[in-house]
Amino acid sequence: MEHFDYESLGLKCGLEIHQQLDTEKKLFCRCPTVLQGTREPDFTIKRYMRPVLGEMGTFDKAMLTEYEKGMNIVYEGYNDVICTYELDDTPPFSCNEEARKIALQIALLVNANIIEEMHVCRKNYLDGSVPSGFQRTMILGTDGYITLESGKKIRIDILSLEEEAARRIKTENKTNYFRLDRLGIPLIEVTTKPDISHPDECKECAERIGLLFWSTKVKKVLGSIRQDVNVSIKSGTRIEIKGVQKLSWIPLLINNEISRQIKLIEIKNELAKRKISSDNITEDFTDLSETIKNLKSNFISQGLKSGKKLYGINFKGFKGVFGKELMKNYRFGTEVSSKVKILTGLKGIIHSDEDLENYGFSKEETEKFSKFLKSNPNDCFVLVLGIEKNVNKAIKVIIKRVKNAFEGVPPETRKALEDGTTEFLRELHGGARLYPDTDSKAIINKSSEIEEIKNILPRYPWEVIKEYSKKYNTEERMIKELIFDGNLALFEKLIKIYPENPTIIFTTLLETTTALRRDGKDIAIISDQDYMELFQELKYKNIGKEAIEEIMATKADFPDLSIKQIKEKLDIESISTEELEKIIRKILEKNIHIIKEREIRALGPLMGEIMKEVRGKIDGAIVSKELKNQLEKKLKELK
Amino acid sequence: MEDQLKGYRGKAKEFLKKHKINIWDIIALKTKKTKLEGILLPRYEHSAPNLIEIKLENNYNIGININEITEIAKIGKREAKYKIPEKTFPKNDLLPRVKLLGTGGTVASRLDYTTGAVIPSFTPGELFSSVPELAEICNLECELVFEILSENMKPEYWQKLADKVKQAANSGIEGVIIGHGTDTMSITSAALSFMLKDLSIPVVLVGSQRSSDRPSSDAALNLINAATVATSDIAEVVVTMLGSPSHDYGLIHRGTLVRKMHSSVRDTFRTINDIPLGMVRNRQIKMFKKDYRKKDKLETIALTKFEKKIAIIYSYPGVEDELIDFYIDNGYKGIVLAGTGLGHVSTNIYKSIERATQEGLTILMTTQTLHGFVGMDVYSTGRELQNLGVIPGKNLLPEVAYVKLGWVLGQTNDKKQIKELLLLNIAGEFIEREIPIAFNYNIDELLEKGKL
Ligand SMILES: [Zn+2]
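Residue numbers (the working numbering), protein chains in the order written: chain A, 1 to 639; chain B, 1 to 452.
Zero decoy hints are in this set.
One-sided and incomplete, this derived list gives chain A residues near chain B with beta-carbon spacing under 8 Å: (1) 46; (2) 47; (3) 48; (4) 50; (5) 52; (6) 84; (7) 89; (8) 115; (9) 118; (10) 134; (11) 139.
Pairs of lysine to aspartate or glutamate, DMTMM-like flavour, derived with a Cα cap of 20 Å: (12) 30/B x 143/A; (13) 46/A x 444/B; (14) 46/A x 445/B; (15) 13/B x 117/A; (16) 341/A x 66/A; (17) 441/A x 112/B; (18) 197/B x 299/B.
Rough simulated footprint, nothing fancy, chain A against chain B, three-plus residues with beta-carbon under 8 Å: (19) 45–54; (20) 207–214; (21) 239–249.
Derived from the structure by calculation, the hints contain no laboratory data.
This one's a predicted model, so the numbers in the text were calculated from it and none came from an experiment.
The beta carbon of each residue, even a glycine, is placed where N, CA and C say it ideally should be.
I would like the entire structure built from these sequences, with the hints used as guidance.
Right, dumping it as structure tokens:
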């Protein structure tokens, strides 16, 4: 990974973190907050969104762009978990009290100033993910902070309580499909000020906010927390990166974005040095579809045969710009290409900074293109292939992005990708898209209520991590993992039942669960109560620790069986030391030839043989100790 | 001039006055915990006292307790920046002339981001800005007849609308759209159905269940559908609103058989006791029924006289004579009874009913079930009520019966004529036969099976 001098670059990062709350009902209706996974929907409805005339009597630009894409929307729902509210066919019901209280708790944990009277606002959503066309949101706290390990305080700008959007299922035939089960689940959003000045600090801050959320009553499943990062450097632009799914991505994403911004600024300076300005950029493109027949390049000639068009455009003095690497495996050409992809649906572009032979063009053909496009060696030409409507649109997108190169980093929203790079997601929205919700009345946060919640605030999770790691003699990482698995409370219950050996609890909750999950076992079915019974059995030595994994696996396969029933089914009856001694004696007699041959080294194979009989019924350590005793005795006898 | 501290009262009002702060001022304030800046907003009168409401720079609105405020100062004033779009509605001589009569419903509007208020846009230019598709259907002319909430509708307004339609129909307009709030839309449609004789053009009532300031509004689609119906050959008063929760097709309901059946959903309007006249989808009309009035060259007449001294009484267990006595004593001319089942009321009120008919009131029976006919020959209750002079209203919906009674009493005082007119099918309000699917039809399903 590349490292930069972040201070002299003037790196500023901020975070925006969303977390679903674990309430029974949704925020503004009384539907349950249970996602339905891949279950077939009971009904579908079709809707269209139209842009709304704003105060100036004109349409919001971003909304108009979305409308002009001509997308249909299909909402899919279930009769048992969706009501007419989610369909935007009934006004909102009163705000969910449970959600408000959890949100207040979080606001107090980040030391925010609580808003006494909250007003529900509407935030216009353009993509159809909310059937009403707007998300209901209210600001609950301002001016908080979170403290990092170093003592540095990152200011929290605002904290709002809002509705989760619908789940996007697929896009097919110009139709976006959304599932409504997720819509309306209470969501808390925390936005920091851009106080973060180092990628690692950003990761730590995101982690701390996440830990804080997860020490309260929030949904603790994959996808229930989502983070966006915004990044800017001096002379660059504030870029919002959406959909950062893992904390570990954050430093790489930031470093890549820094690199992208630096390189874009370099391009800007290079263009100035070459004395080219945005006015020099031609808007003339050439239709090459008829000009060059029988191309060697297969995909182009096939495309042309099917009626597609091939357009070319030449950019004077741009030699090398399209080929310039901005991030790893990401050139300026990629930047233009991915924007074309998102806005027009075309696969991409071809440019002359690339080796065109890779596209199957012969040298002569490349020269012909240059000739037709009047492209000199100092220029760069670009080709696009597609149906006429899309190619026309693509040319416009390309010209616009090339013109933007003269300004450095164009403002936009980008999407985080798994490899640590980003791609264009959408243009920035212009202007105010937030206005009062005329369907709901103001909500009061009483000071008495706030005092009550203050009295029962959970401790800061990082303090808990420190304390537990010391107390139970384990790495901090383990406790952190427990929190992010949503298992800290379970751990606390289990350690009360079985204080003898915390390591077994850690192993069970962290490693055994991972192993079983990897084997495809649905361990989510194992309840806290099951775990508690399991450790009770362990405590009273009814089972050995070796039996834990097998019992959990069986529970996953037969969820209706109780732990006791499983124990019986697996024939796990603990055995006494006397019985163990008997078994060991029996095995030693049986294997006397091995003992004679290997002497003390027979321990290993003998242990294996014995464990086959007693696994899960008694602690392996006891077996090993007893075996060693008896073997030594036996060896003495033999001598 | 607007109240400078609209909605504020008590201590909060005094506080603002003391600091010389008015609504729409930009203020900076400090509380015990934080600093804030924003625009002072007007407040709903019934909201909590001691708080002031501001719009923050991030556009969120919040309320702050004045007791928390340690410092406050005006630092500016929000400039109103409204602009009405200056577009002109494009004229196309090949397209029919359609007139849109406004009554105060917001078929098209724009948004005030600060207050969330919906500002109706009404001129053809404004409508063209928000629903440009209209220009592909017709040449639109607009007239704001009055501006009221539909719950405040009155017979005078029906009369005014009927006259406006008559003028339009007789002056070359080929269709009329009436923008109307949905609450009483079907009562207006019934009233116009009775008042307009020999109607020669379509009259389409339309509104929206989701206001046009939200992206998901049904307003634009309803308006496009209404314009399509207004340029059709259906010379009747109809209601055209969405026919399913989807933004898909509109249904065309006969003005005397339609009713709002749900407080909030988009497809709230249903034709009762029959299936709708037809549907409109993608600017195409498909008729389900053939027996509708077609456009002709007759002169449209408006018979708008209306007797206002009439009432609806909804029968209930324990209903008492005094209820009816009240109307008799106050000079009422007629009563519509919404009876139970086949058209029954408790024997408790026989005495006052008899008194009413003897004193010259016309009493018309309908059913609370909405669906089905009154059948007052089946049980003795029904026969006795007829003997007391109650007229069975067949399949009339209670509100339609109310409108019809007022209109008939406006036309004549003659007892015999009143009864004849009440029982005459004037505007398609009576069905001759109830088709079996009328009670439970599901248009989506019928369309899917190709049964329409
Ligand atoms: Zn619901």
